[in-house]
Structures are given as C-alpha cells and as structure tokens.
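Whole structure, please, built from the sequences with the hints as guidance.
So the chains spell out like this:
Number of protein chains: 2
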Amino acid sequence: MKIAVLGHGTVGSGVCEILIEKSKEIAKSAGKELELGYVLDIRDFEDVPYSEKFTKDFSAVLADPEVGIVAEAMGGLEPAHSYVKAALESGRSVVTSNKELVAEKGAELLSIARAHNANFLFEASVGGGIPLIRPLYSSMNAAGITEFAGILNGTTNYILTKMFRFGESYEEALSGAQTLGYAEKDPSADVLGWDACRKAAILSSLIWGRTLRPSEIPTEGISKITSDDVNLAESCGFSIKLIARAKLLENGKIFAKVSPAMIKNDSPLASVNDVFNAVLIRAETTGEVLFYGKGAGKMPTASSVIADIIECAKAKGNIKEVFWEDGAQSVFANADAVSERYCIRTDYDASMLIPGAEIIGTNAYITPPLSESEITVLEEKILEHGSLLSKIPLFE
Amino acid sequence: MKIAVLGHGTVGSGVCEILIEKSKEIAKSAGKELELGYVLDIRDFEDVPYSEKFTKDFSAVLADPEVGIVAEAMGGLEPAHSYVKAALESGRSVVTSNKELVAEKGAELLSIARAHNANFLFEASVGGGIPLIRPLYSSMNAAGITEFAGILNGTTNYILTKMFRFGESYEEALSGAQTLGYAEKDPSADVLGWDACRKAAILSSLIWGRTLRPSEIPTEGISKITSDDVNLAESCGFSIKLIARAKLLENGKIFAKVSPAMIKNDSPLASVNDVFNAVLIRAETTGEVLFYGKGAGKMPTASSVIADIIECAKAKGNIKEVFWEDGAQSVFANADAVSERYCIRTDYDASMLIPGAEIIGTNAYITPPLSESEITVLEEKILEHGSLLSKIPLFE
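As you go down the protein sequences, you meet chains A and B in turn.
All residue numbers for the first sequence refer to the numbering used here, where the first residue is 2 and numbers rise by one.
All residue numbers for the second sequence refer to the numbering used here, where the first residue is 2 and numbers rise by one.
Check before you lean on any hint, since a few could be wrong.
No distinction is drawn between identical chains; accordingly, a pair holds when it is met within one copy or between any pair of copies.
To be verified - EDC-like mimics (lysine to aspartate or glutamate), calculated; alpha carbons at most 20 Å apart, straight line:
hint: 1; residue 1: K265; residue 2: D275
hint: 2; residue 1: K29; residue 2: E285
hint: 3; residue 1: K382; residue 2: D350
hint: 4; residue 1: K29; residue 2: E373
hint: 5; residue 1: K248; residue 2: E397
hint: 6; residue 1: K106; residue 2: E36
hint: 7; residue 1: K248; residue 2: E217
hint: 8; residue 1: K23; residue 2: E148
hint: 9; residue 1: K29; residue 2: E322
hint: 10; residue 1: K3; residue 2: E289
If you're looking for bench data, these hints aren't it; they were derived computationally from the structure.
Shown next as structure tokens:
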C-alpha cells in the first residue's frame with residue numbers, strides 16, 4: 002500500500018523519514034508493507050533520497066489506486082481541506098497533524114470518512130508525540146470523562162518556565178524563545194492562546210461527541226503576565242500556566258476556557274515545564290489521569306502521524322468511536338455556569354470590596370468562587386478607586 | 002454476549018457494578034450488548050442485586066456457549082491459571098487484573114490465545130486505572146522504546162510521600178498506610194518491591210517482546226530508607242521513589258532493576274505523590290512520555306478491566322501486537338552492563354575512598370557512575386573503616 006504525504010515541512014519530512022527508516026517495524030505493526038508513494042509540495046527538494054516521489058499535482062495522487070492512506074501535514078485550511086475531503090470521498094483514509102483543519106472541519110470530515118467506510122485520524126494534532134487521542138477514544142470512552150485541563154502549547158509553557166526559573170520578563174523570555182526557534186517571528190497564535198484554543202476544541206469535540214468551535218471558547222493568552230504576577234505566585238506556592246480546560250455540566254452543556262491560571266505546586270500540571278505538554282483528565286471511574294510528553298517537534302509529531310497511519314492500515318472499516326457531530330444548537334454553556342476563584346492584584350487596599358477574600362500579599366487577594374458576571378462587577382468596582390493590576394483564575 | 006467475572010473481591014465487584022450501571026455506554030462502545038452472565042466466587046454474596054449470577058462451578062461457566070469473555074480478578078496463580086488457560090483453549094478471550102499471573106505465565110497464555118484466535122489482555126495489571134498497556138502496544142509500537150521507569154506501587158509511594166512531607170519515620174508512615182487500608186497487615190509484597198517487580202516484568206516483556214521473569218530482576222524495597230536519607234535528599238533537591246526500571250541495551254539484552262532511587266525534583270517522576278502511579282517512557286521518536294494516574298483502587302482498576310472487555314468484544318481475531326515469547330536464553334543483561342551513580346552515606350570521612358565523588362553533606366557523597374561490581378568493591382572498602390549508612394542509586 003502506498004502512502005501519500007501532503008506537505009514536506011517539519012512534520013511531513015519527519016513522516017517520510019520514519020516511513021523509510023522504520024519500514025520493517027511499520028510493516029510488522031501494520032500487517033502489510035507501507036511504502037512512501039508521493040510527497041506533495043509546491044517547493045522542490047532535491048537533496049532528499051526520495052526526491053523522485055515529489056509531485057505538485059494532487060490529482061495524480063488521487064488517480065493512483067495503490068494509494069491507500071493520505072497523511073496531511075500542510076497546515077492551514079486551504080488547500081488542506083479540499084485535498085482531505087477529496088481523499089476521503091475517494092474512500093481513502095486520511096491522517097493529519099493539522100489542528101486548524103480538525104478544529105474547524107472535524108465534524109464534516111469525520112462524517113465523510115464514515116460515509117465511505119474510511120478513517121480520519123488526528124493523533125498528531127494535539128499534544129505532538131503524546132499518545133492522547135487514541136487512549137481517549139479506545140481506553141477511556143466508557144470512563145465517564147467529566148473534565149480536562151491541558152498545557153497544550155509548548156511555546157507559552159517555555160516562556161512561563163523561563164519567567165519562573167530565571168526571573169526573566171515576558172519580553173526577555175519571548176525573545177529567547179524566538180532565538181531558539183520555539184516561537185515564531187509573529188508569535189500571536191501561541192502567546193494569545195489561539196493554538197491552545199484549537200486543541201481544546203478538538204479534545205472537547207472528541208470527548209463529548211459534539212462540535213465545540215474554537216470561536217466559542219473565551220481565550221486569553223499570556224502576554225499580560227508580569228514579573229510581579231510570577232513573584233506573587235511563587236510566594237504562595239503556585240505556578241502560572243496557560244491552561245486550556247473544559248467541563249461537562251449537568252445540563253449537558255460544555256464550559257470551556259483558555260487562560261493563564263494559577264495552579265498549586267502539588268498539582269501534577271504545575272511541574273510540567275519547558276516545551277513539554279500535558280493533559281489532565283478527570284473521569285468518573287478512573288479519577289485523575291495525566292498524559293505528558295513533547296507537544297511539538299519534528300520526530301515526536303511525525304511519530305504520532307505514523308501511529309495513525311498504522312491504525313488506518315489495520316482498521317477494518319470506520320472506527321466508530323472517533324466521531325462528533327455538528328448540532329443545530331451550540332453546546333457551549335452560558336459563561337456564568339461555572340464559578341472560579343481568582344487571584345487579584347490592585348494598587349490599593351481593596352479588601353473591603355471583596356467579601357470573603359483571602360489576603361495573600363500586599364493588595365493581593367484570592368476571591369471566593371465567582372461567575373463571569375460577578376468577576377466583571379468586581380472589576381468595575383475596583384476600577385472606581387484605582388487600578389486592577391492583574392486578574393488570574395485559579396485552576397483547582 | 003455474556004461476561005463471566007472470576008472473583009468477587011475489590012476489582013471483581015467493581016467490574017460487575019460497571020457492567021450493570023454503564024451497560025448502555027458499554028454496548029455503544031463494544032458494538033454489542035455485554036451482559037454480566039456469571040460471577041464465580043467461593044464465597045456467598047446475597048446483598049448484591051446480581052446475586053442470582055453467582056456460581057462456584059467454573060465448568061458451568063465454560064459450558065455456556067453464550068459466554069464470550071472471561072474477566073479474571075481472583076489474583077494468585079492457582080486456580081486462576083487453570084481457569085484462564087481453559088477459557089482461552091475454548092476460544093474465549095480473557096482479560097485480567099492479576100499481575101502475578103501475567104508476569105509468570107504471560108508468554109504461555111498469549112501463545113494459547115493466539116493459537117485460538119482469541120485475546121488475553123491485562124491493562125489493569127499495571128498502573129490500575131491508567132491507560133498504559135494499550136497506548137504501549139497500539140500507539141508506541143513503532144516508536145523505538147529504549148527505556149522505562151515507573152512508580153508502580155501506590156503503597157510504597159504513599160509511605161515515601163508521608164516521610165518527605167510530614168517527616169514521619171518509615172514505621173510511622175507504614176502504620177498510617179495500614180490504618181487507611183493502603184497497606185496490608187503483611188506489607189511484604191509492597192514494601193520489599195515484589196509487586197513493582199512483577200509489573201516491571203510485564204512492561205519489559207510487552208515492550209521488547211521477550212519474557213523477563215520477575216525472579217531475574219534485582220529487587221530491593223523501601224524498608225531500609227531512614228529519615229536521614231530523606232533529609233539528605235531534601236537538602237540536595239532530590240526525592241526518593243521506589244523506581245522499577247528497564248533499559249534495552251545495544252546487545253539486545255535488557256537491564257532491569259527495582260530499588261529506591263534518588264530523583265532530581267525537576268523530573269516529572271519526582272512530583273508523583275501519595276498513592277498515584279506513573280510510568281516514564283523514553284523512545285527514539287517521541288522522546289520522554291509519561292502516563293500518570295491512580296495505580297490501584299476499586300473503580301480505577303475495574304475501569305481498565307472494562308476497557309479490555311470492550312476491546313475483546315470489538316476485536317476481529319487475535320491482536321498480534323500483544324505478545325511475547327519465552328526464549329531459551331534469558332534476556333536479562335549482565336548486572337555489570339549498566340553503570341549508575343549512587344548516593345552514599347557513611348559514618349566517617351570516606352571521601353578518599355571514592356575518587357571523583359561529589360560531596361553533598363557531612364559524610365555524604367554522590368559517586369561517579371559505577372557498575373554493580375564496582376559499587377560492591379566500594380562497599381567493602383568503606384566497611385573496612387566504618388559503616389555504610391545508606392546506598393541509593395540515582396535515576397537520571
């Protein structure tokens with residue numbers, strides 16, 4: 002069976018290399034030989050040993066009946082979406098590392114895969130090399146998952162780790178991350194939380210079976226975190242992490258949020274440092290389970306794509322656990338449905354304004370649990386008499 | 002399809018309860034209705050709503066053609082081994098939480114399962130409710146795993162956590178664990194490391210495909226750890242954990258060891274506390290991956306048994322990734338094949354005896370990497386002039 006790899010960037014080239022170098026192990030696992038058939042890219046790559054596999058013409062890939070599985074690693078919505086759709090409609094299975102595609106078009110593509118008795122798998126789209134998506138659908142699908150919270154973006158976790166360990170400012174840490182290639186020149190998608198938001202949307206949709214759109218999830222990045230926040234957190238035994246979280250409410254709706262959050266140092270999420278990712282799952286039968294590993298990087302991510310390729314090669318028809326639907330109504334809960342405690346810093350004594358607050362430093366407080374409306378009202382009250390220096394929810 | 006549950010102890014009763022209470026979710030996942038058919042136990046249980054399912058006669062279970070899957074949760078080698086063997090020989094799939102059975106008889110039972118196109122699965126035998134065995138064989142089987150290190154015993158981890166957090170002595174912490182039901186009246190299997198050793202044997206056998214017997218693994222428990230060891234470790238930024246570890250060497254042999262080990266506090270294993278378990282995997286393509294969760298307890302463990310039952314119900318024939326063989330030759334490496342650094346405490350200045358040692362406290366040292374023979378020679382030298390108060394390897 003031939004594999005077509007779409008996109009020869011970091012992940013796509015890793016997939017090609019593993020397909021060639023580990024062909025024996027892969028054949029053993031898959032139960033059949035899987036051969037790199039085509040590499041689609043608009044660029045030319047003459048220095049690679051498989052340069053004769055390159056094509057710029059997707060219709061040539063589709064026209065070859067020996068191509069059984071397509072691995073999409075181009076990123077972005079188009080032309081990835083059109084190519085993936087066409088491949089699925091031709092009865093091929095598709096695996097992808099493209100979180101934007103899965104988050105925005107997952108329901109549609111899963112439905113096409115099912116209609117053609119093929120598969121659409123995306124282990125590499127969340128948590129890079131961490132086996133995460135498959136354990137969720139194959140081991141925990143009857144565990145009664147009620148909540149997840151993840152550190153899903155390595156760039157922001159690296160920046161926060163530098164701020165905590167070495168006392169760097171946000172700007173210094175970001176600049177260091179850019180120098181090392183951990184952050185892009187335009188770091189917006191990472192530092193503003195969009196990347197984590199897309200991954201949270203994928204996890205929520207998969208776990209609870211109904212589309213949660215990235216645009217529905219309130220998302221805040223880490224760009225406002227200051228050294229004062231870091232010092233305060235440290236003095237109280239907290240870390241600050243960019244946490245992407247979602248919770249199934251009793252009314253069947255989903256509460257989700259991406260934001261910096263204070264986490265007690267004894268939580269397993271607090272010790273996830275540098276570019277590592279982790280997802281904490283809370284389930285009725287298993288209690289807390291955590292998956293940890295490299296959330297990005299060429300080989301870890303390519304390795305997850307390969308695991309999906311093997312799964313597709315072995316699968317006898319559509320894997321029905323991997324599915325979610327678009328509903329007519331949004332599954333997103335009213336933002337007021339969940340109350341959280343917040344860590345608040347002001348530039349004056351605001352203790353009288355926050356009944357029940359715990360005072361954790363000079364003009365620094367932990368509020369009682371407050372809904373979105375309640376924290377907004379409190380913000381307005383604080384701003385009547387001075388400044389609100391920061392407002393960070395606690396993840397508990 | 003009927004499910005027979007063998008043994009109505011903690012895990013077995015949990016399996017019965019989930020089978021009944023989550024029958025809808027299970028049917029959806031498994032693609033067919035799975036009904037609790039029999040519960041085999043020598044004791045009588047009249048207060049449970051499924052009391053009419055009890056039997057003391059295993060041949061009655063085997064004689065019923067509607068029984069498709071047997072869940073063994075009796076523990077111990079016999080009669081569990083005979084029953085499981087008979088069930089597999091009749092073409093039924095068997096799932097188990099019995100680590101002794103899997104560690105001692107795994108190769109034989111997997112081979113019988115394969116010969117009858119059935120399955121023998123054991124997710125619950127290592128790491129309780131953590132999805133671990135399935136990710137290893139279904140997601141990471143082409144990742145090139147080179148090493149694992151696990152905190153696989155909740156009882157000893159609870160004791161060590163109490164010693165670190167509350168300054169309790171080993172005896173106080175053990176007694177507290179017994180009061181809470183975390184440790185048995187005879188705690189030998191836990192505190193001497195035998196339980197962790199069996200689980201390490203299972204993981205090694207599964208990951209590298211050849212039987213590693215528990216009796217081959219050098220095993221040391223935590224009963225010699227003192228408050229002085231804890232204080233020294235804390236002062237140097239280390240934790241002490243009971244670590245079960247194994248490594249694939251270049252010659253194809255396996256080095257394995259169960260012992261207390263010093264771990265730097267920034268390792269993800271160091272922050273695994275209380276009764277939680279975790280396994281760190283090192284693989285060529287994915288780098289470090291960690292799985293964390295509740296390693297024991299009724300519902301977490303039963304939940305893993307249920308996940309295996311669903312897997313068996315869905316499987317179309319034998320899952321060939323779950324397999325290892327007994328070789329004529331042992332796979333265990335020469336104990337000298339691997340060198341480790343050790344933390345040494347003496348009752349006199351022994352620095353002259355340990356060239357290249359790092360002095361980390363009064364009469365306390367970290368040695369350079371030493372093989373088993375080298376550390377034995379050093380021990381003898383130290384004993385010529387005084388006492389060796391402790392000797393704990395570092396896990397790095």
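Here is what the structure says about each hint:
When the C-alpha separation of K265 and D275 is checked against a cutoff of 20 Å, the pair qualifies both within a copy, at 18 Å, and between copies, at 16 Å. With identical chains, the CA atoms of K29 and E285 are at most 20 Å apart between copies only, with a shortest distance of 18 Å across copies and 36 Å within one. Taking the closest pair of Cα atoms, K382 and D350 come within 20 Å of each other only inside a single copy of the chain (13 Å); across copies the shortest separation is 65 Å, beyond that limit. Within a single copy, K29 and E373 get their C-alpha atoms no closer than 53 Å, and across copies no closer than 36 Å, so neither meets the 20 Å cut-off.
When the C-alpha separation of K248 and E397 is checked against a cutoff of 20 Å, the pair qualifies only within one copy, where the shortest distance is 12 Å, while the shortest distance between copies is 36 Å. In this homomeric assembly, K106 and E36 never come within 20 Å of each other (Cα to Cα): the closest approach is 28 Å inside a single copy and 37 Å across copies. Taking the closest pair of Cα atoms, K248 and E217 come within 20 Å of each other only inside a single copy of the chain (14 Å); across copies the shortest separation is 46 Å, beyond that limit. Taking the shortest Cα distances, K23 and E148 sit within 20 Å of each other only across copies (19 Å), while inside one copy they are farther apart (37 Å).
Within a single copy, K29 and E322 get their C-alpha atoms only as close as 25 Å, which misses the 20 Å cut-off; across copies the closest is 9 Å, which meets it. Taking CA atoms no more than 20 Å apart as the test, K3 paired with E289 passes in neither setting, with 40 Å inside one copy and 30 Å between copies.
Consistency note: the structure conflicts with the earlier hints numbered 4, 6, 10.
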